[in-house]
Structure formats: C-alpha cells, structure tokens
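Novice: Sequence:
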Amino acid sequence: MTPYDPASPSTARREVLLFLLLTFALSSVGWALTTGSTTRESILLFTLVTMWCPGIAAVLTRLYVQRDLKGFGFRVGDIRWPLVGIFLPIAIGLLMFGAVWATGIGAFDTGSAATVFSLAFVPAFLVAILLNLFAAAGEEIGWRGLLVPEMAKFMGFTELALLSGGIWTAWHLPMILFSTYHGAGPLWFSIAVFIPSVMGAGLVLAWLTLKSGSVVPAILFHGFWNYFIQQFYPALTVQTAGTEMILGEFGWASPAIYVVLALIFWHYRGLLPGAGR
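For the record, in the sequence shown the residue sitting at position 90 is 355 according to the numbering used here, with numbers rising by one throughout.
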C-alpha cells in the first residue's frame, strides 16, 4: 500500500475529487430542502444547512484521506490579511452604495441611519456579524480551506482560480434557479451578473488564502460581504427599481468591481508561494 504523502499531487487530486463528490451529494439534500420550503424561516434555515455542506464534506474528506484535520489553516498569521478580509468588503460596499447615494439614484435613508448608528443597535449588529461569519465558515472551510490549497499542489494559480471559481459558481446555481436566491429582476439578469461576480470573488479569496496560508481571511471576507452587502448598506438605502438593478449581489455594480479586483490580484500572483506558477 502506498504511504500517505500530503504533498503528493496524486493525493491532492484524490482529496479534491472526494471532496467535490461529497459536497455536491450533501448539497443536493440542502438544495431540495431549500427549494421545497415556503416560509422565510425555513428557507433561511435550510440555506444555512446548505452553506455548511462544503465544510462538512471537507472535514469528512480530511478524516478519510489524512486521518486528521490538519491543513485547513485555522490561524490568524500575518494580521494584514484578516484585516483585508474585514475591510475590503466594507469598502467595496461603501463604493457601490455611496455612488448611488451621491448620484441620487437611491437616497440615503436617514431614518434607518438613526437606528443603525445608535448604541442600541450594537447587540443586533454583533449578532448579525457572528451569524454571517458562522454561515460563511461552512462554505470557506470547504472551498478555500481544502479545495484551493489542494488544487495548488498540482496546478498553477490562474487555472486554480478559474476552476475553483467555476465550481463555486456552479454550486450556487440550483439555489438561484429553483429557490429565492436571486435578484428582483429577470432571472437571466441575476445569472448574468452573478457569474462574473463569484468568479472574481473566487480569485480574490484564493489569492488571500494562498498568500496568508490561512482560511481565516476568506471566512472574514465572505461573512462581512454577506452582511454589509445584503443587510447593512441596503438598510441605509431607499430602494427603487434602479437600485435593485445596480446594487447588491445581483446588481451590475458587483461584477464590475469584482472583475477589476480580480485583475489586480491576478497581476500580483507572483507574490504567492511558488510565484503563483
């Protein structure tokens, strides 16, 4: 029997294949539960369950292949990268929503702002952040905790970023097509803006993971993005038909920004271990 070698490309390929099989098998249950739900509470619950399917699949894969849970990168490391994970999505959101406020396409909601920026809102803010980080961790333990580091053992960064981003995008499609996870406009528009957005985000998160050697920046980025783009900034905005087509995960501003960010991070792939190959 061939001894286990964690650095072996063949071992990495085996882990990736097993992880993907388990992820999509487990997620199919989550998709079925989510698409079959009719209440907001059940949809949120089963969406959370689905988001944790990649993480559960990653844990099962590590235990089967390695017999331990090493390799996920649960460490802070260089503090710069967790800070990027926190503040970059906040800055992206402020750029998107701030431009809409400044141009008058969507007004800044002063009434909601009085609540959001009050001391009484702090407990709700902290709970919301923690819940979003918990949900994001379920995905990131799988996608960036296992998939990206293992793929990096047998392919270069450009190929890795595109392939892992494509897999991540495909994983979201059942929830977009058959559940409520899409924008208010036509379904084709939601898909058209979502694909380049997630592909770009996948490249950025892969870069942060490989540069930091940790999954923590990806978890922080994902959790803060979900909260600020889906909840915080929308609460400060008077929504109109125009804002719905521009803002949020299913507006055209998100892919426009992510494509630019992806090109910037890709340009600096030479800073990655192995010079980004």
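Please keep in mind that the hints were generated in silico from the structure rather than gathered at the bench.
No experiment lies behind these values; they were computed from the predicted model shown.
Each hint should be verified, as a subset may be incorrect.
Said to hold, decoys possible - Cβ-Cβ distance ranges computed for the label pairs, FRET-style:
| id | residue 1 | residue 2 | range |
| --- | --- | --- | --- |
| 1 | I370 | R279 | 45 to 53 angstroms |
| 2 | S273 | G363 | 23 to 31 angstroms |
| 3 | A372 | I351 | 22 to 30 angstroms |
| 4 | T303 | L528 | 27 to 35 angstroms |
| 5 | S273 | L360 | 40 to 48 angstroms |
Where is the CB? At the ideal position from N, CA and C, for every residue including glycine.
Novice: Give a verdict on every hint.
Specialist: Tested hints:
| no. | hint | verdict |
| --- | --- | --- |
| 1 | I370 with R279: 45 to 53 angstroms | holds, 50 angstroms |
| 2 | S273 with G363: 23 to 31 angstroms | violated, 48 angstroms |
| 3 | A372 with I351: 22 to 30 angstroms | holds, 28 angstroms |
| 4 | T303 with L528: 27 to 35 angstroms | violated, 42 angstroms |
| 5 | S273 with L360: 40 to 48 angstroms | holds, 43 angstroms |
Going down the numbered hints, you'll see the structure goes against 2 and 4, while the others check out.
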